[in-house]
Amino acid sequence: MPNADAEQSVDVRPPHIDTTKASIARVYDAVLNGKDNYEIDREVVRQLRKVAPEMSLMAWDNRNFLIRVTRFIASQTGITQFLDCGSGLPTAENTHQVAQRLQPDARVVYVDNDPVVLTHGRALLVENDQTHFSAADIFKPSEIINDDVVRKHLDFSEPIALFQIGTLPFHAGERSPQSIMAEYIDALPSGSYVAISHFIDPETSELSDFARRLEQAFQHSPMGRGVFRTRSEIEGMLAGLELLDPGLVLCADWWPDGPRIKPLDTVQNCIVGAVARKP
Amino acid sequence: MLDPIAPTHIDTTKASIARVYDAALNGKDNYEIDREVVKRLAQIAPEIGRFTWDHRNFLIRVTRFIATQAGITQFLDCGSGLPTAENTHQVAQRIQPDARVVYVDNDPVVLAHGRALLVENDHTFFSAADIFEPRQILNDEVVRKHLDFSAPIALFQLGTLHHYNGERNPASIMAEYIDALPSGSYVAISHFLDPEDEHTALAQRLQQIFVNSPLGSGWFRPRGEIMAMFAGLELVEPGLTRCVDWWPDGPRLKPLEPAQHCIVGAVGRKP
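Going down the list, the protein sequences come from chains A and B.
Every number in the working numbering is 82 more than the matching position in the first sequence, counting from 1.
Every number in the working numbering is 1 more than the matching position in the second sequence, counting from 1.
Certain hints may be false.
[Stated by the list, open to error] Listed below are the simulated PhoX-like cross-link pairs for lysine-lysine, each with C-alpha atoms no more than 25 Å apart in a straight line:
no., chain 1, residue 1, chain 2, residue 2
1, B, Lys255, B, Lys40
2, A, Lys132, A, Lys117
3, B, Lys255, B, Lys271
4, A, Lys360, B, Lys255
5, A, Lys344, A, Lys360
6, B, Lys271, A, Lys344
In case anyone wonders, no lab produced these hints; they're calculated from the structure.
Being a predicted model, the structure only gives us computed values, none of them experimental.
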C-alpha cells in the first residue's frame, strides 16, 4: 500500500544507517545465516571464523538459550511481562512469539538502538498490541527504567523477566557490567527473573587460549569489541539473585531439548548462561 | 466444519478418546459424555489436567528434539487427537520447514473437525487408518505417498497404546511397526504407568474409572510391559521416565501431583 507508506514517512524520520560500521545485531544476523546484514558485518564474521569456524553454533546456542528460558518463564513462573534488552534482528523465533504461545496475554518490550533493528526489525517484531519497542540504550539502566514505552507497558509492581542475552560482552563504556546489572536488579520487584548469557573464558589450559584468540578477533574486527569474561565476573552480574538449577552453565547445557547427539564444538564451550530469581 | 461431501456420523452418546483428552486439556471440542469421564477421573485425581498436559508437553519436547537434533524430516503421528495449542507439524516445521507430517486417527470428530485444522499446509497430511493395525498403516496410500520408508522416520504412539482393547499384545503391534522402519528412525511412546510403588493404588483406581467409562480402555501397565514395546530400539537418555521428567523446559518449580507419577514416556532409536 504505497499511500500508507507515504503517510508514514511524514512521521517517521528514518535513522541514518552507516554501512561502513559493523553492528552487533547485523553481525549476529550474519552468523545466524540471516539476510539483513552488510559486507562490513560479513567481514567481521569471516575474521571470527578464522579462529572459530563453527561460530554459528555459538550464536545458535545463545539464541536457543533465549527460547528455552522464555519457555520456562512463561510456562512455570506465571510471569507475563518481559523486558528483552538487545532484541537484535528477528529470527525464526523471538521472545514474544515463544512467550505469547504459552501465555497469550504476555507483554513484551524489546529494547534496541541499532538503526537497522529500529527500522526493519521493529516492523517485524511489533506485530501485535502486546509487543512494543523502545530505542533506549540497554547499557543505561536509568534510561530504560524511566523510558516511556517501558513504563507504559510494564508494571514494576509485578514480577518482570529481564533479559540481557548476548549483550553485555559488547558494552564499551567505562562502567562495569556488574554495576549496570546491579542497577537493573535493584529496580525489579521481588519474584522477578533475570536471564543473561555471556562469552566466557573457561580458564582451562586448552580453552582459555582459544577464548582469548576469539576475543582478539572480535576486538580487531570492524566490530571492535566482544569481551570474554571469567565465571566469577559473569556471576558477579547476578549479585543479589538466587540462581536456578543448574546455575551458570554452557548455554547448550541449560535444560536442553533432549540428549546431545553431536559432540560440542570448541566454540560452544565459550558461551554460558544463567537464570536467576530476585528473592 | 463437517466435510460437505461425506459427512461422518458422530454418535454423541459415546465418549471418544480424542474428545476426552480434549476435555481434560480444557478444550471445547467435546460433549457431555466426554466431560463426564473427566469429572469422574477428577474426583480421585483433581490434577487430571496436569496429567494430560504432561503427555502433550512430552509430545512437543520429543518433536523438538527429533527436528533439531536427529535431522529427521518425516513424522508419522499415530493418534493425532484433536488439535491443541501446539501440534506435531507446527513444532516440527518451525524448526525444519520442509518436515512432512502424516497424522493418523480414525475418530469421527478428529476426521471431520480436527483434520480441517491440522492439515493447514502441503507438508501435512491425514490418514483415517487404524493405528493398531500396523500393516494397514504401512500400506496406507497417504502414508506411502508422503513418507519415504528408505529414509529415517519418526513414529509417534503417544497416549494411544493404553487405549488398545484388541486381542494382540501392544508390544507385538509395536514390533511390527519397528520392523518396517529404516535404520536411524526414532520411535516415541507415552503410556499410563502402574508405578508399582506407593502410587499403584491411584493408578489402579484411575484404570478402573477409564475401563468402566464409556471409553472402555485406559490400561496402566507396569514398567516392564511398556519397555517391551521398545524391543529392538536403543533408548535415548534418560530412558523410560515420567513424561514430566523427559528433558523438561527448565527446573521444576511445583511439586509433582500423585497422578503425574503414572504417565511415562521414552524415545528409542532403531540401530
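Each hint tested on the structure:
no. : hint                  : result
1   : Lys255/B <-> Lys40/B  : holds (24 Å)
2   : Lys132/A <-> Lys117/A : holds (21 Å)
3   : Lys255/B <-> Lys271/B : violated (35 Å)
4   : Lys360/A <-> Lys255/B : holds (18 Å)
5   : Lys344/A <-> Lys360/A : violated (35 Å)
6   : Lys271/B <-> Lys344/A : holds (17 Å)
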